[in-house]
Every structure is written in C-alpha cells, then in structure tokens.
Amino acid sequence: MAPGPWHVATLLDKRPETSNAATLTFDCASWPGHRAGQHVDVRLTGEDGYQAQRSYSIASAPQDDRLELTVERIDDGEVSPYLVEDMQPGDALELRGPIGLWFTWDAAADGGPLLLVAGGSGVVPLRAMLRHRAAVPRGAAGAAGARVTARLLLSARSAADVIYAGELRADDDLRSFTTYTRATPPGWTGYARRVDRAMLEEVAFDPCECPRIFVCGPTAFVETASRALVELGHDPAVVKTERFGPTG
Amino acid sequence: MSIVNRGFGRRRPVDPEIARRIPPGQHLVPDFPVLSVGPTPRNELHAWSFEITGEIDFPRTLNWVDLQGLPSESVTVDIHCVTSWSKLDTRWEGVSLDVLLADVETEATHVMAFCDGGYETNLALEDITDGKAWLAYGYGGEPLEPEHGGPVRLLVPHLYFWKSAKWVRGLRLMDGDAPGFWEQNGYHLRGDPWSEERYWGD
Chain S
235 MAPGPWHVAT LLDKRPETSN AATLTFDCAS WPGHRAGQHV DVRLTGEDGY QAQRSYSIAS
295 APQDDRLELT VERIDDGEVS PYLVEDMQPG DALELRGPIG LWFTWDAAAD GGPLLLVAGG
355 SGVVPLRAML RHRAAVPRGA AGAAGARVTA RLLLSARSAA DVIYAGELRA DDDLRSFTTY
415 TRATPPGWTG YARRVDRAML EEVAFDPCEC PRIFVCGPTA FVETASRALV ELGHDPAVVK
475 TERFGPTG
Chain W
4 MSIVNRGFGR RRPVDPEIAR RIPPGQHLVP DFPVLSVGPT PRNELHAWSF EITGEIDFPR
64 TLNWVDLQGL PSESVTVDIH CVTSWSKLDT RWEGVSLDVL LADVETEATH VMAFCDGGYE
124 TNLALEDITD GKAWLAYGYG GEPLEPEHGG PVRLLVPHLY FWKSAKWVRG LRLMDGDAPG
184 FWEQNGYHLR GDPWSEERYW GD
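So the protein lines, in turn, are chains S and W. Under the numbering used here, the final residue of the first sequence carries the number 482; numbering is consecutive throughout. Under the numbering used here, the final residue of the second sequence carries the number 205; numbering is consecutive throughout.
Calculated directly from the structure, the hints in this document are not laboratory data. Just so you know, not all the hints are guaranteed correct.
[What the hints assert, rightly or not] Estimated spans, in silico, between C-beta atoms of each pair:
#1 W:P27 x S:C442: 44 to 50 angstroms
#2 W:E47 x S:P371: 37 to 43 angstroms
#3 W:V68 x S:E319: 30 to 36 angstroms
#4 W:Q187 x S:P239: 20 to 26 angstroms
We treat Cβ as the ideally placed atom computed from N, Cα and C, and that holds for glycine.
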C-alpha cells in the first residue's frame with residue numbers, strides 16, 4: 235500500500251470543533267481508502283510556486299463516505315492557519331496517502347479490547363478508530379457477537395478545548411472518561427488533573443485482558459501515559475504511540 | 004500536476020545559504036520534535052551493551068565503559084525527519100561507526116540496527132561508513148535524553164531521521180538488504196531526503 239501519487243481533494247465543508255481547530259471534509263475521487271489511525275501529507279502551493287507540506291491524521295473512518303481531517307491551528311504556522319481559516323468550500327488542495335501501517339486499528343484483524351488515550355488534538359486518529367468500531371456490524375468483530383469493548387481517556391485543558399465534544403459519548407461497550415487539566419465545568423465531579431498512573435489504573439483494562447492500546451498527544455503527555463501503562467504491567471509491544479509536535 | 008492555493012504562498016524570506024540546506028518538501032523547526040512508536044525504554048548504563056553480530060566470524064559486544072574509551076567526536080549536522088521537519092546545526096557527541104567497524108571482516112553489504120523496544124532499521128554498509136554515521140550519546144553538550152534516544156542512538160544525518168535509531172543496542176551484519184520496522188510499515192527502504200525517498204514506491 236504505497237501512498238503513490240498526489241491526489242487532488244476538494245473541500246466540501248468545514249466545521250469548527252474548538253476556537254482553534256476545525257474538521258475539513260473533502261471530496262477526493264481518487265482516494266484509495268485507508269485504515270483507522272493513518273495520516274496524510276497535505277501540500278499547499280502558492281501563486282509564486284512556493285510549496286509547503288505537513289502531515290495530518292485522518293479523522294474519518296474507512297467506512298465514512300468522505301475523507302475528513304481535523305486540523306489544529308498553530309499560531310505561527312504556515313499550513314494550519316490556511317487550512318483552518320482561509321480555505322473555503324470549493325477550494326482544492328493536494329494530499330498524499332494513506333501513510334503509516336503501525337498506528338492503525340482494524341476491528342476484525344486486531345480485535346480488542348481497545349484502549350484509547352488522547353491528549354488534546356491527539357484524539358483525531360483515535361476518533362477514526364472509534365468511528366470504525368461503531369461502523370463494523372455487530373457480530374463481525376468477535377465471536378461473542380458484540381462490538382469490540384473500548385475505553386477512551388481524553389485529556390483536555392477545558393470543556394471548550396474538547397474536539398468532537400458532541401460525538402465521543404459512551405455506548406453499551408464504550409466507556410468514555412475525560413480529565414480537565416486547567417478548568418472544569420460547573421459541577422464537574424470527574425478527573426481534574428494531568429493523566430497519571432493512578433488514573434490509568436482506574437481507567438485502563440487489566441493487563442490480563444491484553445488491550446490494544448493507542449496513545450496519541452503531545453510528547454510529554456505520551457511519555458507520561460505510555461510509561462505509566464508499562465509500569466502497570468501492559469506489554470510495551472502493544473502500547474502504540476503517536477506524538478505530536480505542533481504541526482504548523 | 005500541481006494546483007495553486009489562492010491566498011497561500013506568501014513565500015517567507017529565507018537566507019539562500021539556509022534554503023540550500025533544506026531538502027524538498029521539508030521545513031525548518033526551532034524545537035526538536037519527538038517521534039517514537041512506543042514507550043520510551045529506560046536503561047541503566049551499567050546494563051547497557053552494544054553488539055555487532057550476524058555475518059561476522061567473531062561477534063563482539065561493548066559495554067558503556069568500552070564505548071566511553073573509544074575516541075569520540077563532536078559533529079554538527081542538519082537532520083531531516085520524514086514528517087517534513089528539518090533542524091539545522093544540531094550538535095552531537097559520539098563515536099564514529101568507522102571506529103566500531105574498523106577491523107570487522109565481513110562479506111556483509113547491509114546492517115540491521117536493533118534497539119530496545121524491538122525497533123529495527125536497515126542501512127547499507129556504505130551509508131554508515133566513511134564518516135557518515137555515529138553512535139551518539141551526547142546532544143547539545145548534555146547527555147542524550149531518553150526521549151531523544153538516550154543513552155545511545157544512531158546518528159545517520161544524511162538519511163531521514165527514522166534511520167537514526169533511538170536506544171540502539173547493536174548492528175546485525177547482513178549479506179543483503181531487508182526491511183526494518185518502518186520499512187515494513189510503508190516507508191522507503193533507504194530514505195534519502197534529497198531524493199524524497201519517503202514511502203514505498205518513491
């Protein structure tokens with residue numbers, strides 16, 4: 235599955251997720267499909283021929299009709315402000331992918347249970363996994379006839395910083411936990427601190443259940459969370475990580 | 004075919020001397036992003052060792068003290084990550100692989116570098132000899148931090164930085180090429196940034 239040539243993708247819709255992040259929906263007729271968790275390279279070309287490219291996680295599931303990217307604007311960046319603010323429906327850009335065969339999850343091939351740990355915009359590739367999980371017909375992914383059991387732990391500065399806030403709700407087999415690191419909503423009784431070992435011990439599956447673990451977020455977040463998971467007894471080989479520096 | 008993005012392309016003024024050092028598709032970063040596929044391994048130095056094994060009559064092992072006893076170099080190089088960032092003038096301390104491989108008799112053409120955590124990456128022998136690669140244990144005048152690959156990582160700055168394997172623990176000499184970790188997961192077998200050898204098929 236080589237990423238092959240650059241594809242032209244036309245922006246169909248852009249919707250704000252937070253004050254500085256937006257989800258962009260594209261029409262890309264030549265898109266070859268992808269696995270949940272993969273990313274694309276996006277290339278912009280200026281009128282003077284100047285080009286810049288960056289990598290962004292794919293936010294949509296393989297089963298979704300349209301390719302979606304969720305982009306967080308980096309204030310002094312050059313690509314992300316264009317995508318979040320300037321680009322309008324009908325505009326096109328070039329993208330290449332899908333890229334990466336490691337940080338991916340397929341319900342049938344990989345199974346569960348599934349533990350997703352996200353810091354800030356690190357939730358984007360994990361959202362693709364959750365949408366993929368929800369799209370797999372019941373009974374297809376496990377002998378028990380149930381969906382893959384999943385847990386999501388999301389760390390955000392405040393409620394206003396949560397991407398996909400309306401979407402990441404628990405269901406029968408998904409337990410969703412949020413921790414706020416700077417400000418909590420009125421009446422909040424949940425976690426209100428940075429992710430730590432004690433929190434992961436409460437949220438994560440028992441290591442004996444052999445969860446498939448995906449951790450995505452800023453470097454310090456991923457370092458802390460992945461180290462704590464290993465200390466709790468999870469096999470380092472099943473703790474898959476993806477780290478974001480700011481991608482301008 | 005390349006399309007034009009309206010309103011994009013306020014080309015930033017870059018010193019031509021610097022622009023010349025940035026491979027196609029790359030951009031400069033001031034910080035040092037961290038990319039790893041799993042948890043950062045933690046190593047006690049007394050338990051650290053480095054093996055040269057595979058297609059070699061007498062495999063050898065160095066420990067941390069052995070490594071410190073070898074002649075070190077300070078090298079200042081530009082580095083290029085396949086995720087499109089480049090960083091100029093990074094300063095490293097370490098031992099040239101020429102020193103480690105000087106008296107190795109082998110028919111090998113390639114090596115597989117192997118690491119704590121199970122990561123592997125393949126390299127042609129000619130890409131890691133003649134002053135092109137180091138075992139690095141210092142960065143910016145300080146010991147190399149674990150998240151950047153400490154205590155010891157490979158430094159192969161003329162290739163994309165996934166080849167500069169973190170937490171490296173040895174080289175397995177091979178009589179042919181074979182894909183390592185990222186090379187099995189969609190990335191190019193060699194990874195020359197100046198030819199944009201990013202992915203399979205590039």
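Hint check against the structure, violated hint numbers in rising order: 2 and 3
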